[in-house]
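S.K.: Got chain A sorted already, so can you dock chain B onto it with the hints?
Chain order of the listed sequences is A and B.
Heads up: the first sequence at position 26 corresponds to 26 in the numbering used here, and the numbers run straight through without jumps.
Heads up: the second sequence at position 313 corresponds to 313 in the numbering used here, and the numbers run straight through without jumps.
Keep in mind that a hint or two might mislead.
Here chain A is said to cover these stretches of chain B; the calculated rule only asks that three of the stretch's residues, wherever they fall, bring their Cβ under 8 Å from a Cβ of chain A [to be verified]:
| no. | segment |
| --- | --- |
| 1 | 18 to 28 |
| 2 | 199 to 213 |
| 3 | 239 to 253 |
| 4 | 257 to 264 |
| 5 | 349 to 360 |
Everything labelled a hint here was simulated from the structure, so no lab data went into it.
Since the structure is predicted, the reported quantities are computational estimates derived from the model, not experimental observations.
A virtual CB, placed ideally from N, CA and C, is assigned to each residue, including glycine.
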Amino acid sequence: MNRTNRFVRLALLLTAATAVSLNAQPAGKRLALIIGNNAYPMSPLQNAVNDAHSMEKALATAGFQTRVVENAKKADMEAAIGEFLDKIGPDDVVLFFYAGHGVQIESENFLVPVDFPQAGTISAAKFACMSVAQVFDELKRKRPKQSIVILDACRTNPITAKYSLAAGLAKPQDMPKEAYVVFSTGPGQVASDNPDGRNSWFTEALADFISQPSMTVDIEEMMRRVSKSVSDATEGRQVPFKESNLTGRFYFHPPANDVSDVDPNLMQKWMDEASLHEQHGEWLDAIELVGRVVQRKPGGGVEELAKRKLPYLTARRDAQAKFDAGDYAAAAALYEKAIKADPFAGEAILLAADSYLLLDQLPPAVTLLGALRQRGTAEGVERAELMLKQLASVSPEAAKEAQAPTPQPPPIGELFSSTTFGTPDWEAGKRRLASATVDISAYTKELKMEVAMPVLVVTPPAAAGPDAPAGGDPVPAAAPADANAAALAAAIFHIDVVQVAGGTRNLRLRTGAAEEFGYLVLNGLSKETPVLLDSKEVAPSGKLKLAVGKYEVRTMDGGKVVGAQPVEVKPLSIETFTVTAK
Amino acid sequence: MKVFAIAALAIFCASAANWTDRKEYDLVLSIRAESSPQKRLALLDEWKTKYPKSEYQEIRRELYFAAYQAMDDSANMCAMAGEILAAQPDNTLGAYWFALLLPEQKKPAQEQLALGEKSAAVLLGAKSQAGAEWTAHRVLGWVHWRRGENALAEEEFRKCLELNPNAVQISAWLGTLMGLEQKPEMRVPALWQLARAAAYRGNGALPDVQQRQIANVLDRLYISYHGDNSGLDQLRISAAAKLYPPAGFDIENAAAAALRKQDEELSRTNPQLAAWVRIRQKLESPEGEKYFADNFQGKPLTRLKGTLIKCDPPGKPNELTIGIVDPAQPEVVLKLDTAFPNAAEPGTILEFEGVGNAVAKGPFLLTLATERAKISGWPTAPTARRSGK
Chain A
1 MNRTNRFVRL ALLLTAATAV SLNAQPAGKR LALIIGNNAY PMSPLQNAVN
51 DAHSMEKALA TAGFQTRVVE NAKKADMEAA IGEFLDKIGP DDVVLFFYAG
101 HGVQIESENF LVPVDFPQAG TISAAKFACM SVAQVFDELK RKRPKQSIVI
151 LDACRTNPIT AKYSLAAGLA KPQDMPKEAY VVFSTGPGQV ASDNPDGRNS
201 WFTEALADFI SQPSMTVDIE EMMRRVSKSV SDATEGRQVP FKESNLTGRF
251 YFHPPANDVS DVDPNLMQKW MDEASLHEQH GEWLDAIELV GRVVQRKPGG
301 GVEELAKRKL PYLTARRDAQ AKFDAGDYAA AAALYEKAIK ADPFAGEAIL
351 LAADSYLLLD QLPPAVTLLG ALRQRGTAEG VERAELMLKQ LASVSPEAAK
401 EAQAPTPQPP PIGELFSSTT FGTPDWEAGK RRLASATVDI SAYTKELKME
451 VAMPVLVVTP PAAAGPDAPA GGDPVPAAAP ADANAAALAA AIFHIDVVQV
501 AGGTRNLRLR TGAAEEFGYL VLNGLSKETP VLLDSKEVAP SGKLKLAVGK
551 YEVRTMDGGK VVGAQPVEVK PLSIETFTVT AK
Chain B
1 MKVFAIAALA IFCASAANWT DRKEYDLVLS IRAESSPQKR LALLDEWKTK
51 YPKSEYQEIR RELYFAAYQA MDDSANMCAM AGEILAAQPD NTLGAYWFAL
101 LLPEQKKPAQ EQLALGEKSA AVLLGAKSQA GAEWTAHRVL GWVHWRRGEN
151 ALAEEEFRKC LELNPNAVQI SAWLGTLMGL EQKPEMRVPA LWQLARAAAY
201 RGNGALPDVQ QRQIANVLDR LYISYHGDNS GLDQLRISAA AKLYPPAGFD
251 IENAAAAALR KQDEELSRTN PQLAAWVRIR QKLESPEGEK YFADNFQGKP
301 LTRLKGTLIK CDPPGKPNEL TIGIVDPAQP EVVLKLDTAF PNAAEPGTIL
351 EFEGVGNAVA KGPFLLTLAT ERAKISGWPT APTARRSGK
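With the rest of the complex left out, here is chain A (with noise of 0.2 Å):
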């Protein structure tokens, strides 16, 4: 190997490291906050803090780190939450769980820290506690990849009754994007701490399903199998409401194979992975990424992108492995071959050319350096160029090729070969309809169906027994009194309820109501004291079940009104009348 060669490789090496330490930067992470609120001077709870450690330790396994802060004051709770928020990057899934007492104050909620002051007004009270909106503000401000806000906080709590407050808490409002929001139980109704336990019935659901690996559901379908464990725990009472904006799917535990998953959040993050990867020459695992996506299927530009990217890298891998081993001539081959996936990655016409030079093939050296000076980027077109003159002196070639104007570079449309403009992707289009909703909810909560009811025939049934409706008999009210009725009628001292004007008649037409009927209640009627409702006599009680409608209750002696009292009987009222004793 001659100097020049050995000059060139060390140039061609450094650009390589150069172009590996560019952009490196973190991926998503996992980050938590956990706070467990026991210490209440004036009602103290005893599974809060458990359950914040139950969390942390579930939490932990589904790749989160966490802090846990326990029995915080409000500074304690301002400064843990400061320094969680000042850790979240763009990329990261953020959780924030909170055990303790909460209060939704003007449909606002609020965290109780431990030094809640036992005095002072709602506003003061408001102050001394930490806002649950505020929470929001600043991870709207933060923008996670995704939030997850959940809240264990709605047990009985004595600021609630000190204030007149609604029980547990509000529905959350102006939550961040991107968000999943859990309550231990629904908005405006009280969870229990489970006195008898070591953790809330709630929070022992929930660690226990994230607990677990094999739980490979996304958090909705997590979420309703906890929803499912604490109703039936606490027998229906308690129910955990969550609410959701989340565009894409959370996991707690991706599933590895499934290849109908196709969360483009996931997809995303792993593409990132992979780039990071790649830039670190960490081939193996930028495949195995890259990979992944491939083997899901998940269409539109990342599919694509990791289609083009898979042959490219793994023939980076196998160049490299080459490349390392001395073979520079298996090294070149594949060089070429990942220029071929990538015909733009100018590292690889680098490596390619370094390869050829170490083997001492000027020509095909030359050729990719001329190569880079098309399709690479204005830095590639320099390093080429400034390679060329160096190789001028060793190579006519190089020489020439170092003379000849900066070519132009290809068209666009070669940068993006793999897309065809002008002309959709049909199935993505089918993808889309399978999955995006059309909300027509303004449209069918407008829908109605009432049907207008007939005038139908109400016809009370036979014999006015103590419980049966007025009348009884198709055959209407003025039907002649039977000899007995025409006998009290005209004798003895009786009760007789008749209906008035303006009442309702025994068989009338009307809209279809069935519990048109109410009582009248004879107070003071003795056993011995005949009634009779429409001149019929009907069996002695203190109690008729009458037709809705006006009646008068007439004291009758020796065939004569002796007082009379207008009633109106209302559907299913108990009018009072009271019989004065002969």
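M.R.: Just chain B, lined up with the frame of chain A:
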């Protein structure tokens, strides 16, 4: 074919375009290498800002669209597809995605609806591509619906269903559209389509969330219409299996059910009244006059029982007004061959027969001709009191 040829020409033109400078190329190269759609979008913005008049604007718009697509950003996808279509009226990509996404937009402007029609026209020109025609009819139906052109919308939705009966999203729309028509005859077909959308589970089924929403709507409507949920499960099963209801299919509405139950109850407790209610319902129906002419004109009616409301003239009446269902509401007028010698008190219960004479609606009144002998329950005339000795 024409559309594709024009699209191909556009690509050719794009490939014949030139970079403004090497930095523009570098920028696009970095866009190409970026897998994150958010970062790609930021780079596209940079490209657009630095090179607003780039010769690759058409490609840039499609790259924007692809980035929004990767982010599942429906509103921006639709807006960009519209932008593509507006700039290149024959661009199939713009037409297809605009047509597909327009119904997802919350409050489309009139211009968007007009562009939706244009996108349909482009797609109908690309009929050879499976899905293009269906998408065209879908967006046309949606546009008509939004404009309140319900008949046209229904027509387009039916075309969609002919092309793909399993695309039950269209069933949900069609069912909703028909239900909103508020026409009695549309209600059962509407319920069928909604049941299909709620129950169909095969390829083309609604996403779970929407299926649950439609199922809730169906439950509510069915109970409103039918009175309870009996038969709803069967409706779901039947509708899931078949696009349209079989001939003669019906769902009894709550009113009909109430009348049927009333009839059953009256037939058991008071057959005479049941018979009269049935007769009256038929006489009051739109075909009531024909029914009267065919069955009762000059023909005897079954024996009925009612309450005397009025005698005319009061002293020696030859015309009696009677209520049957409601003793206060005139329903029948009996015209007697000869007058009664005495009056009867209102409220007197009479049984009578008669021959149909006339029927009037609003208010309902049936006039029968009869004879005194065919009326029972009339009080006998008081005998003249003889003077005492």
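S.K.: Decide, hint by hint, whether the structure agrees.
M.R.: Here is how each hint holds up against the structure:
no.	hint	in the structure
1	18 to 28	holds (count 7)
2	199 to 213	holds (count 6)
3	239 to 253	violated (count 1)
4	257 to 264	holds (count 3)
5	349 to 360	violated (count 1)
Of the hints listed earlier, those the structure fails to meet are numbers 3, 5, in rising order.
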